[in-house]
Amino acid sequence: MATAPASRPRPAPTRRSRARAGKGPRKAGTAASASLPVLRLELRVRDDLLDPAGRSARAALQQAGLRGLGSVRVLRTYFLEGPLDAEGRRRAAQALGDAVLDVASFGRPRAAPRGVHEVTVMRRAGVSDPEAETARRLLQSLGLCVAQVKAARTYRVQGRVPRAALGAAAARALGNEVIEEVLAGAPATYRFPHPTPAVAQRVEVLLRTLDGEALLALSRRMGLSLSRVEMEAVQAHFRTLGREPTDVELETVAQTWSEHCKHKTLGGAVRMTEGGTVRTFRNLLKETVFAATQRLAKPWCWSVFKDNAGVIDFDGTDGVCMKVETHNHPSAIEPYGGAGTGIGGVIRDILGTGLGARPVANTDVFCFGPPDLPQGKVPKGCMHPLRLLKGVVSGVRDYGNRMGIPTVNGAILFDPRYVGNPVVYAGCVGILPRRFVRKGARPGDLVVAFGGRTGRDGIHGATFSSEELSAESETVSSGAVQIGDAITEKKVLDVLLQARDRGWFHAVTDCGAGGFSSAVGEMGADLGADVDLSTAPLKYPGLKAFEVWISEAQERMVAAVPPRAWKAFQRLCASEDVEAFALGRFTRDHRLVVRHGRTVLARLSMEFLHEGLPRVQRDACWTPPRLAEPRPRAKASWTADLAAVLRMPQVGSKEWVVRQYDHEVQSGAVVRPFMGPHGGPSDAAVLAPKLGSRRGIVLSNGINPAYGDIDPHQMALLAVDEALRNAVAVGADPARVAILDNFTWGSCSRPETLGARVKAAEGCRDAALLYGTPFISGKDSLNNEFRTEDGRVIVVPPTLLVSALGVIDDVRKTVTLEAKRPGARIVVVGRTRDELGGSHWYRLQGWLGARVPTVQPDAPRVLAAVSRAIRAGLVLSAHDLSEGGLAVAAAEMAFSGHHGLDLDLRALPVQGRLDDARRLFSESPTRLLLEVDAARLPALRRLLRAARAPHAVLGTVTQEPVLRVRSSRGRHDAIHSPTEVLRKAWRSALPVPTETAE
Amino acid sequence: MTRSRDPRILVVRAPGTNCERETAFAFEAAGAQAVHAHLNAVLARPRLLEEVQGLALPGGFSFGDDLGAGTVYGALVRNRLLPRVRRLVDRGGIVLGICNGFQVLVKTGLLPALEGSEEQSVALAANVSNRYEDRWVTLEATASNAFFTRGDRIACPVAHGEGRFLARDEATLERLAAGGQLALRYVDPSGRVPARYPWNPNGATRDVAGITDPTGRVLGLMPHPERNQFPWQDPRFHAGEAPPVPEGMLPFRNAVRHLREAFGMAGGGARRGRRAGARA
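If you're matching them up, the sequences are chains A and B in order.
Numbering follows the numbering used here, in which position 479 of the first sequence is assigned residue number 479; successive positions increment by one, without gaps.
Add 1000 to the 1-based position in the second sequence for the numbering used here, that's all there is to it.
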């Protein structure tokens, strides 16, 4: 064998050529400062004041199972490297602490009194720490001689708790050992690392003589995630060239050909077998979703499926664009950082759409294991779903809020199959002037990188995200964890839009998965590029050249800047504390050349890089599952069932989550997540993104994996229907709605899993054509599986998220869900059928069922009619019927307005003979409840009749806040409950505090 | 510099500030001219403060707020801009700090500036819930010296994690109350105090939502009045119960009216729809 690979992750190469030493970072305090003194500054909240952080820590420790806790208080500790005199210390303490709240002291920690235990949490060396970095910059800007800063939190815990139990609970509840150290006690000092710069080397990997097995082994060892066929294609290419590839070349190919970047499975050929017949696709995505959009050919679609995000017309001058991404695997290992960088990444997608869009809204949809799962049932290597939820929510909160982008719409779903592999969708919406939609780098343009520095974070994120998770992922993949720094990205946003308006770049894109390699390789695909990595500012010395090249360090963008504009661009960046540097140039020789100083590390043909991926036909098959329809027993009263459905975490209030997001910043919010005097759940968000303009955007989503367990084709249609009817419920015009598809699937190397994906793709196509609604962007995440220690594989349910983006003329014509006027009539639109399969009420009984809801051909007509009625001002409020059917929709409408509803099930338009349970809980699509003033009722009925939309007056709004639903059989009430009781049930769904009364 | 009959307000954006556009828009709608500037530009050319009649510090997360809200921004202002800001106030100018801007004013000692003291004497501590929260609140102007808040109740959102007002000690609190500096307080929707959670969203002492300096010309408040500047933003809008003039415009209108009188500028009246601002 030519190679003798030693240990993970690098194979031992046989040929190296040395180059000059790598250039170290520009920051103060590298090797020379090794002998500087280290001071310890401790800040604690005054003893007579409340310490909310301590109380939160106490609650978290308690939830982690620790008993016997007294009070907990938090000490903020900073280790400062540098000589500070008394005056310097005074100023440092004043700058970092609060003069009223904190007591500051320097020196060794005081010995903990009897009965007090201490535990300290701090970021591991090499993990980004924005807090310490901000502190260093502040102290330096005040002229204090401080080279490095380390931040730590020490928790002082009172009570009779065993030391070991405290350590274990702290490791679970207060820190995350993937990125943080959890230490007993309060450390007196900190040893700052002083790494030496790495030497840039040209490393050749000898693969020309390897056989197939050895090639595959090499791919695994290097973490390339390339298949045997792909490795053979690489080998053939370099045999033709008559030389061995370098490590940087292999890494570049692996990143470019990764599932994450190339969509090779779904953009590839598929042979689908179903019911004895076979159909083939040359490119599944192009022939389904994309083909539908092309056929619809909407003139208001400005850019679809080619840029970072799809762009549609907003008001003629400006377009609106949207992108949704997944960040599942990073979030499984480090939920806070994973979710935060998920948001950060999708925001950069929007910043990199056209010549840069201004983000105006974020959306998020999460799927977790059951929140009440006993700790003992959590597989090894996984976090408890509730801990994941809290971490993910905090990550989204801290990133989105700091960016000044409102988080306006979302959903949270629960299913046991998400326990090892949670799903985190993050979406971003931007406003993009029409003249900035097109972009293209030109030969001679400088390759300019700006924003954050490059560190070792997220090496192999693109390839990691394309693998399954396992019990060991937590440890072996920690390099893939990225830590976000929202303020760096906010500064990038600020300078990017100013430079865009001044015409200082020809193209821009984000450094996402694959880092510089992906950004430069894609921007220069039709040109060629020549870059020198030795110019890149690093977070710390010691990075290898290939690490600089593929690092997924956050908050970086790459622009193609014409040389004439470079000085001005640089000045602008400097004036707003943004680092920018020229990495190289775009050329016209169709080659990608990567250097480090004078050493050439890679020289690849763009054609091989982008077109050399071997095409493989994959097999798919589909057999409908054999399912039985349960036979629920008849009951007189369904009130308790309704309360139980409202209490399901998927249905109930997410207020604890949503209130942590800023949904008002930018002053555009019109319809918010909670509306009405008692805050019911809105169907969609409405915002007016341009100050002073009444033109608006509607954002909604549709998702229900349970339907996919029965029929993935129908699931896709239902998700589109749900997204559209949510948008229509607030007043969107379905003729001006675009949609996005995001799939989270298992491994498509199994034909039946790929088969389900094919069915869903065809469902999306059929839905787009049925509703006349184009898809403008989409993304797939495959291999969402978790392998437990005993080898069991947990595959996520087929999870399709459809996000809808609508444009409306006048936000004043929107409606909200809460019942508003006693005496007004309640009209139901749409027909209810015997369709409880996959419903929430079934799930409550532990059933799946077989009769999945089906979208009917008249659905577009029904939605259009409701939209017209709302826009004509005939409707006081509207709410869609989805999770939990009619019963839940009626309850939410009533309690959010603090009114009652008096409804009669006999009036409900149905198909076939339906009992009360089916009338109340069936989840047939394309149905809405409308509140209409009695005087407007005839006009509304005329409109609905003209559209042949099934509808009926179901009852009235009452002053007394009671929900009363009369049975369809006999004279009794199927539901009778004060709305406050139902609201309480709805609010108690998540086992987290919904309201902390003080 | 063109002479304007409209008061000029310097809207300063630090890294991480994120409410500057809507704050400038509200000032312009009230009849002022907003002048945008990055904090670095003001630090490089503090004279900018002499060319305006007002200073606005909008909300956001300046420098990430990693070290506590407003800490870095406050330290920079305290060390490098304080005399210039004082001079602006002394010659009759106004300063408005919203949310993060309020936190900065407190850290610098510009608020409450009891008897001209430069020391920090009040704080905006972590919410009792220890969580960032976004919700609508109702504010009531107390009998105070602040022309800003003269008028009715204001409904507008809060969105912060560190907004719990507290004073260094009881004596400080009493002097602030006696001097009419506790300008705004949270009330429940029917106007009652003390306002319990969630109406007092952060556990602030005496339900304090905003305070002034002894002159009344410096106002800091945690809630965001600029997020209720269009009629459709009021949560009562869809029930047809929103007031015709959005309540959040009150402090902006009052400030502009005051500056017109103080600086002898002819009344231009409130405008709506003009594009926000020149950049300095």
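To be clear, the hints were calculated from the coordinates, so they are not data collected in a lab.
Note that CB positions come from ideal geometry on N, CA and C, so glycine has one too.
Don't take each hint at face value.
Stated by the list, open to error - So the derived label-pair ranges between C-beta atoms look like this: (1) B:G1151 / A:A111: 54 to 64 Å; (2) B:A1177 / A:V378: 32 to 42 Å; (3) A:G68 / B:D1090: 34 to 44 Å; (4) A:G440 / B:R1080: 35 to 45 Å; (5) B:R1080 / A:R502: 24 to 34 Å; (6) B:L1082 / A:H590: 50 to 60 Å; (7) B:R1168 / A:R110: 23 to 33 Å; (8) A:Q94 / B:D1169: 38 to 48 Å; (9) A:R792 / B:R1168: 54 to 64 Å; (10) A:V199 / B:N1079: 51 to 61 Å.
*Can you let me know if the beta-carbon spacing of B:R1168 and A:R110 is within 23 to 33 Å?*
holds (24 Å)
*Given the range 54 to 64 Å, decide if the beta-carbon distance of B:G1151 to A:A111 lies inside it.*
About 57 Å separates the Cβ atoms of B:G1151 and A:A111, which means 54 to 64 Å holds.
*May I ask you to test the hint 32 to 42 Å on the CB atoms belonging to B:A1177 and A:V378?*
Roughly 53 Å apart at Cβ, these two residues miss the hinted range, so it is violated.
_Quick check on a hinted range of 51 to 61 Å for A:V199 and B:N1079, using CB atoms only._
At 42 Å between Cβs, range violated.
*Does the Cβ distance between B:R1080 and A:R502 fall inside 24 to 34 Å?*
The hinted range 24 to 34 Å holds for B:R1080 and A:R502, with Cβ atoms some 29 Å apart.
*Should the hint that A:R792 and B:R1168 are 54 to 64 Å apart at their CB atoms be regarded as holding?*
holds (59 Å)
*Per the hint of 38 to 48 Å, is the separation of the Cβ atoms of A:Q94 and B:D1169 within bounds?*
violated (19 Å)
*If you check the beta carbons of A:G440 and B:R1080, does the distance land in 35 to 45 Å?*
Holds - the Cβ-Cβ distance for A:G440 and B:R1080, about 44 Å, lies within 35 to 45 Å.
*Using the C-beta atoms of A:G68 and B:D1090, is the stated range 34 to 44 Å upheld?*
violated (58 Å)
*Is the gap between the beta carbons of B:L1082 and A:H590 within 50 to 60 Å?*
holds (58 Å)
In this structure, the earlier hints numbered 2, 3, 8, 10 are contradicted, and the remaining ones agree with it.
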